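Generate coordinates for the entire structure from the input sequences, incorporating the hints supplied.
4 protein chains.
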Amino acid sequence: MLASSDYTRSKRSSQFNYSIGTGRLGLALQEEYMNHLREVQTRIGFQYIRGHGLFHDDIGIYQEVETEGRTEVFYNFTYIDRIFDSFLAIGLKPFLELGFMPEKLKSSEETVFYWKGNITPPKTPKKWAQLVEATLVHFIERYGFDEVVTWPIEVWNEPNLTNFWKDADQAAYFELYKLTAMTVKAIDARLQVGGPAICGGSDHWVDDFLTFCKKENVPVDFFSRHAYTSKPPVKTADYYYQALEPPKDMLDQFTSVRKQIDAQGFKHLPFYITEFNTSYSPINPVHDTLVNASYLASILVNASDSVDGFSYWTFSDVFEEAGIPKSLFHGGFGMLALHGIKKPTYHLYEFFSQLGDSELYRDDSLYLTERIDGTLVALAWNYSDEKGDVDERLIEFALANQSKAVFVQKERLTESDGNPWRTWQQLGRPRFPSQDQIERIKKTMMPKVETMQLAPGSVSVTHKLAKNEVCLITCLPVDDETSSYRDLDDSKITSY
Amino acid sequence: MLASSDYTRSKRSSQFNYSIGTGRLGLALQEEYMNHLREVQTRIGFQYIRGHGLFHDDIGIYQEVETEGRTEVFYNFTYIDRIFDSFLAIGLKPFLELGFMPEKLKSSEETVFYWKGNITPPKTPKKWAQLVEATLVHFIERYGFDEVVTWPIEVWNEPNLTNFWKDADQAAYFELYKLTAMTVKAIDARLQVGGPAICGGSDHWVDDFLTFCKKENVPVDFFSRHAYTSKPPVKTADYYYQALEPPKDMLDQFTSVRKQIDAQGFKHLPFYITEFNTSYSPINPVHDTLVNASYLASILVNASDSVDGFSYWTFSDVFEEAGIPKSLFHGGFGMLALHGIKKPTYHLYEFFSQLGDSELYRDDSLYLTERIDGTLVALAWNYSDEKGDVDERLIEFALANQSKAVFVQKERLTESDGNPWRTWQQLGRPRFPSQDQIERIKKTMMPKVETMQLAPGSVSVTHKLAKNEVCLITCLPVDDETSSYRDLDDSKITSY
Amino acid sequence: MLASSDYTRSKRSSQFNYSIGTGRLGLALQEEYMNHLREVQTRIGFQYIRGHGLFHDDIGIYQEVETEGRTEVFYNFTYIDRIFDSFLAIGLKPFLELGFMPEKLKSSEETVFYWKGNITPPKTPKKWAQLVEATLVHFIERYGFDEVVTWPIEVWNEPNLTNFWKDADQAAYFELYKLTAMTVKAIDARLQVGGPAICGGSDHWVDDFLTFCKKENVPVDFFSRHAYTSKPPVKTADYYYQALEPPKDMLDQFTSVRKQIDAQGFKHLPFYITEFNTSYSPINPVHDTLVNASYLASILVNASDSVDGFSYWTFSDVFEEAGIPKSLFHGGFGMLALHGIKKPTYHLYEFFSQLGDSELYRDDSLYLTERIDGTLVALAWNYSDEKGDVDERLIEFALANQSKAVFVQKERLTESDGNPWRTWQQLGRPRFPSQDQIERIKKTMMPKVETMQLAPGSVSVTHKLAKNEVCLITCLPVDDETSSYRDLDDSKITSY
Amino acid sequence: MLASSDYTRSKRSSQFNYSIGTGRLGLALQEEYMNHLREVQTRIGFQYIRGHGLFHDDIGIYQEVETEGRTEVFYNFTYIDRIFDSFLAIGLKPFLELGFMPEKLKSSEETVFYWKGNITPPKTPKKWAQLVEATLVHFIERYGFDEVVTWPIEVWNEPNLTNFWKDADQAAYFELYKLTAMTVKAIDARLQVGGPAICGGSDHWVDDFLTFCKKENVPVDFFSRHAYTSKPPVKTADYYYQALEPPKDMLDQFTSVRKQIDAQGFKHLPFYITEFNTSYSPINPVHDTLVNASYLASILVNASDSVDGFSYWTFSDVFEEAGIPKSLFHGGFGMLALHGIKKPTYHLYEFFSQLGDSELYRDDSLYLTERIDGTLVALAWNYSDEKGDVDERLIEFALANQSKAVFVQKERLTESDGNPWRTWQQLGRPRFPSQDQIERIKKTMMPKVETMQLAPGSVSVTHKLAKNEVCLITCLPVDDETSSYRDLDDSKITSY
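Residue numbers (this note's numbering), protein chains in the order written: chain B, 272 to 767; chain P, 272 to 767; chain Y, 272 to 767; chain G, 272 to 767.
Treat the hints with care, as some may be off.
Copies of one chain are not kept apart here, so a pair can be met inside one copy or by any two copies together.
Derived pair list, reagent style SDA-like, types lysine to any residue, alpha-carbon separation capped at 25 Å [said to hold, decoys possible]:
1. LYS713 with GLY627
2. LYS282 with MET723
3. LYS763 with ASP520
4. LYS713 with SER755
5. LYS449 with ALA405
6. LYS713 with GLN625
7. LYS456 with HIS610
8. LYS763 with ARG702
9. LYS530 with LEU432
10. LYS506 with SER731
11. LYS456 with LEU670
12. LYS538 with ASP277
13. LYS658 with GLU516
14. LYS763 with VAL661
15. LYS763 with PRO503
16. LYS530 with ASP356
17. LYS675 with GLN312
18. LYS398 with ILE411
19. LYS437 with GLN673
20. LYS658 with SER754
21. LYS538 with ASP520
22. LYS719 with GLU404
23. LYS506 with ASP662
24. LYS681 with GLY594
25. LYS486 with GLU446
26. LYS485 with ALA671
27. LYS530 with SER674
28. LYS658 with SER766
Hint data in this document are derived by calculation from the structure and do not stem from the laboratory. Bear in mind the structure is a predicted one, so any value in this text is a computation, not a measurement.
Laid out in structure tokens, this is it:
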């Protein structure tokens, strides 16, 4: 058993809710998207939201219009204003990702995703710079400089991949970065610009990018990278199936990149993981399952030493990168499935939002925290990638010398609780569920809650974790008022 | 095991939601009261609402004002309009109970309840009749005759008790009834008037009242009576403790009264139970417990043959008959405790609202119904008034020759699920709980939901009921779409 | 002055709110769209909603997927279910318009609108028929046959125009209509199918279409046509400017088409105007102005003899046919501008929803109606297409022998009241207005309300209509309670 | 004309929204009350709320219960917690007024108001002190010390009147004050206690009270007084009618009391007007009229030099001091009449909330302020207590050297605009208005809004104020985007 002498109090860092990822920003015009975002924001609460497509043509900022045979540029802010108004109204700030290329500025035809984001460099770099400038100046006029200066500005997305940047041409990206960063700083030197938003597997870009910035004297205010942990996929008609690397693998990547940054002389540069998840595929069923939550518990608990902010990819299955969802559950990234159904990973985040301000202890299946009022809040999980049954994992920890009784509340995610994916399977995997089916699924989407009261004294809490269970355990000192009820005797109630 | 050959299909009667009881109508001005009522109405849905105090001075319809030394009557409908507007806006009609006596019309000082409803006959019967007339005429003007003609008008409350009617003077009540009924019918003969709203234990009033009506040619459109099942109380400083008669006792009373009514030649007179519950005391902890729900399951399932409409007393602990609630849980009648916390009896009613339109089978622990779409919905309960542990009760019933798989959903109320009273005890019975405590209690107020899929074929459902468990079991034929997913193979998901 | 002897009571027909037009259905996923629709539905209330794009790829019903080298068709109802769920939840039924052509079924490349609706016949007619069948069968499964049988099914949109149907090929349309109608009726003969949804200017199609149906024995359950009244445009970079034909011109078209239908032997065929407005251009500023409302007043009052249902094109400026709106006001069709700002035409419709059930009188600037409770409700308007000032138009009508005083309420739309377009001009025509500007504009979007009390007796109401004013005048008999206030003397109040 | 050289910029003080008065706190349990309060708080925004009845028996904090023949005190916080929870949830802090006397602590029978607040000293001072202590300690436990320390604690209400304090016994009040203040400070010396909450007409109490505090070394953290301006009433059956002293009279009282406080050596003591209005009677029709707003405009503009915070008595006609309201309009204090109808005084406050942070100029009918963004906001009013017509009052002020055009928006309250009382009269003064009548009245409750654009240059604004008109004039520099619309030509629109 873990004794209280094993605890070391330190301030808990809380990068888990730094930012939340979203499908392309144009989807934020949708009602279901906003309903999901309000739910997530109310119960969890993020600082930033980051997604692709700021300059995509469905938002349509960049327009060219013909006047008397002359082409004029027109910047249309109708939709982006509506979107950012709605984010700010619920306390979310944009984490700006500049991209992809507007149709009229593209240099060639390559696109990414079902929704065809153009991934090529600007045909006319000057027009790109003017677009960036006009857009930022508009935001400053509309929302005020004091607001916009708090929005990180990230240049492009995963330029190290040919899917996202034509030929993954590093020199071309550095050129774009330099032009963009200079344009941003010309507006106001206090605006924060960064990159290179690379995905894992090309970490020589860390050195390359920072070397470039130093050499060319290009401003950089933060370093961003993505992280997914899935092995090569088995692709079927409807799904990607992938095994996962162990959590340690992803944690090691964070440490390693942080060291690279430091070694380049950028010790004070914030390091943001602007996308992460288990699999990078929006049609991998793992996202709908319990194992997704138990895997990510390890990451979020243990990565805080090297990472300054996470952005989980993504809050909602209102998402179209692989096309319009073909079914209620379809392997989407969302914390929330369609119809606002909460997946286990949603609850993992909600559990994190309940943790205390101090950290007492952590290992690979337990995280003990304490609130200012003395409430102990523990997160326990039992990640396993084995097939079939595994042994329950016993956790046990002490509450030192309690003079009061303790109310213990366990919120449990298991295969049978807080797992709407399983209920959907039992209902025959309805692609387009009826209202009745949706309600039945929702009745099973919440964690199972178990409560008890432990007598005063040197109290310990025990819990057996099922395979991949994620459990939040809250231990609350009880101010017992029972004695204030005169002549109380429950045994006089029928059947008690 | 119950075989499908044991089923006999008949139309299910649904008197359970005929009406809902409420503390005095003046409380309907309150926001928490209305929040509770909207919740109940949204999830369960009643036709009528009935409570005391229409003529009490907190609503203040009857006023006397002095003008130049002369006393004039003034009818003030400011509050009752606000109240009835708010009821009708959520689809609830008033079941009018005429009483108690306004201060200015009382003939002596006797009152009932903390809120001091005056229980005496009118000092000036003519002024009472004018008050009744003015009030009904006002309702007709405001809401239309077509609406008001659907509101039953009940004369007084429990005149057979000295608490509620001075000296329980039967002759005086009959006089009041006659005057009132005549006044009502003089407005329009189609308005529905009835009584005598007696409680149990004085059923000679049935014959007396109907004989009186026949003899005196007094109109009567319905007969109303109350029913509580508790034995004499042990009174302590804060609570009443009472044992309960067996459910059969209450059911027999219904049958017996119905027979009395019929025997008097009133076979077509509707018979309403305008109040019922286990205990008649608003400070009996039984109302907060699971046993209250399991007891009433028997009543609501089996009383439908003799009763035309029930009015559960009451929907909410926003209630003041024994004073302002001294604690979150205090033995109040409410389906909903303060802060909108759902008690087991709330869920019992919500379960009833999910039942099908056809009845297939019933006994003393099982009620099988079927919806038009073929869904079988079973209510099972295991009432026991024994102290300590009792054996689980096994129920088992067939679903005949299913060609499809069956989705089974169990919604269980047990000591540890859907029982916020127990969580409150574990938290040390906080009288005035904090927001944090309220949220923790609410996390445990919902039934435990268990789901499974049964393979096609001759399917049977089995369930073991814990002591006093109430369980709703829904059996839904599954339209399985699994085969429409190409190359589906869950075993390719990590850990599955 | 109009005397009451001039009135002839008849039942008022109310085709004005038969249906409401909308931009393409895919926009219904958006939150601002739904907010506008809820506003319109709450205050006006339509039966149906009709728009383009049911089969457009943004909703994406028709999909082809590759499985092991074989192409399979997959129907994706994720988005259309969400859309129709949201319509039905607010009491709106779909008026189905079948079109345009899914990308994978197109026979060539021609498209219409910024959003590129493909206007070509199906490459494989059988696959079109299967798409229609699968879609309708899905709707029946989801919403029930009793619901879907009330949805008119219209085949395509404006096939008489080359913009909307390749080459405006009549034979090809008739072929599509026949195939579609036969497919619909094969599902259930009670489903209602119709067409040809032509616009004005090609009324030989009326005879051609009905002759075709008779000759080929093709089912037709209703006839649909559109109506716009604008003359050829002056096109500028941002706008279309057009003069309007007189209202009589449009009214004559309705009569004429009705006669054609009748002459073809289809006297009982309902005749729906499934689109109408002044101008057919979504960038014509007339839609933002007062004159749009005064023009349409004439149409809606006087067309009821020949038309069975109107569908105003459209309820909202959330609309993309000419691209993303470039400015708050931009000449869009919407009753509501962006940000929910109410234009004069919105109020015209809201006025219509207040009219009485009986018609008493109508001419070209006055429409007198009466409610069941005796309230007289008059709509008055003063349409003028002249530039510059015009004389006020005096209207005057009698209220016969009022025994009571009359409360008169005038709701006036003039250049300075209920005209947010003018305020926006005064604010400098901000393209992307700030919250502060939006609020200031909204403060001026409501009609000016003037009230007075007329003494009992033979009362007449007088009103001077400003140029293009639209005014609703409500005349309410007063039940005067003033005498019930004892010693009332307003002159004792300071300054009165 | 007022030239810009006449302006002197200073920081505007904003005591107008320091606090808002309310009927007894027990009414805060009501839904209509809370709806009104949310409206007021959303559109105006107050810091504190102050009302009577914290210790009244409808909230019922002080209870005595019998246990085995012994009387025990029980403090019941069920209702006050609900009330304060609901205030704090909308950003309102309690301004605690300690009173009146609980039934069980009263020393004799005297009461005030329809709701019978007992006005006598405590029978047992120690029990009073214990009640105060228990209540404050409970608030600190529930809401935290940091919160409660910001709540002023005022001892009793108007002890200088026999209506409110038995015999207006000054010595008895000082004794109560001392006991209470000592009790408060014994909990924590940082808690703020004050008094004596006197009404006008007894200002010798200022010296008496402060002298007492000094002499007896009794803590006092603020001085509170009330102010009403009405002359002796003409009382009729339903109303009080009263003439008003000129505004200067009330303003002089403030200055005079401030001087008294300073002269006693309490220069740094905050001086709060914890109640004020024109008339002190809740049945004086003046409160429903325009003159109430124009009178108070003078007070709120000009009193800021001597007063540190105002509490307008009261925000809502949900109020029972003179009984249940007998009619929609009845002379109640409320900014909002029943059904949420906005009176002119509501708008006056809403106008104040729009004023700028800097003051430029003030006189007896004009108040010029400027916002940080350069918007000039003027409040103009034309108070007159004369009967009959008075001349319009011309106001005219300069906007210095505007390089831009100016958008001017006037929000006008006149006899015919923003005056629902008049509409109600025209409707026959319905006591219990129907929904239809309420909606018609609401259509006339908003100010008339007039807008215009003034060309750039040295701009001046002119306005003619009708009798008792209150007008807010906002002057906004225009960023004109008109030239960005290509080929714009409104004259091409039909009829323009």
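Practice problem: Could you tell me which of the hints above the structure violates, numbers in ascending order? | Solution: 2, 7, 10, 11, 12, 16, 17, 19, 22, 23, 24, 26, 27
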